[in-house]
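Participant: Sequence:
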Amino acid sequence: MDLDDMNIEIMRNTLYNAYLEDFYRFYQANLLVFEADRRAVNITINSIGTELTREDRRKLYSNFGLLYPYGPEELAICEDTDQVINYIPSYVLS
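Residue numbering for the sequence shown follows this note's numbering, beginning at 26 and increasing consecutively.
Calculated from the structure, these hints are not laboratory results. For each residue, glycine too, the CB sits at the ideal point set by N, CA and C. Worth double-checking, as some hints may not be accurate.
Said to hold, decoys possible - With a Cα cut of at most 20 Å, we get these calculated DMTMM-like pairs of lysine to aspartate or glutamate:
id	residue 1	residue 2
1	Lys-84	Glu-99
2	Lys-84	Asp-47
3	Lys-84	Glu-104
4	Lys-84	Glu-98
Claimed, not checked - DEER-style ranges, computed between Cβ atoms:
id	residue 1	residue 2	range
5	Pro-94	Asp-30	49 to 55 Å
6	Gln-108	Asn-42	45 to 51 Å
7	Leu-28	Leu-85	53 to 59 Å
8	Glu-76	Tyr-44	28 to 34 Å
9	Arg-83	Leu-57	18 to 24 Å
10	Ile-35	Asn-67	19 to 25 Å
11	Asn-32	Ala-54	44 to 50 Å
12	Asp-29	Ala-54	35 to 41 Å
Turn these sequences into a full structure, and let the hints guide you.
Facilitator: Next up, the structure:
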């Protein structure tokens with residue numbers, strides 16, 4: 026293979042494309058994990074004092090995220106915002 030300007034440019038762009046795709050996959054996964062955890066907390070807080078049961082909450086939580094699998098179970102039994110606030114730091118720090 027000749028290392029002329031065209032081939033060097035093709036190699037450079039091939040490597041850069043692989044870098045961009047890996048970077049995208051890495052950050053996309055982190056964003057989805059964050060969104061799943063954020064939604065679990067929001068669902069919990071917004072359903073306190075409503076007719077939504079613990080089982081109904083469990084069905085709304087995602088099956089992934091940093092809080093999964095134990096976090097959603099703990100959030101499902103929270104009955105006020107103080108319990109949610111107290112739970113999150115203990116989970117994140119452990």
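Participant: Could you run down the list of hints and mark each one as holding or not?
Facilitator: Checked hints:
A hinted pair counts as satisfied when its Cα atoms are at most 20 Å apart, and Lys-84 with Glu-99 qualifies at roughly 14 Å. Proposed proximity of Lys-84 and Asp-47 is contradicted: the alpha carbons are some 32 Å apart, above 20 Å. Among the hinted pairs, Lys-84 with Glu-104 is consistent with the structure: their alpha-carbon atoms are about 17 Å apart, no more than 20 Å. Between the alpha carbons of Lys-84 and Glu-98 the distance comes to roughly 11 Å, so the proposed pair stays at or under 20 Å and holds.
Remark: the range hint 49 to 55 Å for Pro-94 to Asp-30 is upheld by a beta-carbon distance near 54 Å. A hinted range of 45 to 51 Å holds for the C-beta pair Gln-108 and Asn-42, which are about 48 Å apart. Taking the beta carbon of each, Leu-28 and Leu-85 are about 57 Å apart, inside 53 to 59 Å as hinted. Separated by about 50 Å at the C-beta atoms, Glu-76 and Tyr-44 break the suggested range of 28 to 34 Å.
As the Cβ distance of Arg-83 to Leu-57 is approximately 20 Å, the hint placing it in 18 to 24 Å holds. The supplied range of 19 to 25 Å is broken by Ile-35 and Asn-67, whose beta-carbon atoms lie about 47 Å from each other. Roughly 34 Å separates the CB atoms of Asn-32 and Ala-54, a value that falls outside the hinted 44 to 50 Å. Taking 35 to 41 Å as the suggested C-beta distance range, the pair Asp-29 and Ala-54 conforms, at roughly 38 Å.
Figure legend: structure checked against the earlier numbered hints; hints not met, in rising order: 2, 8, 10, 11.
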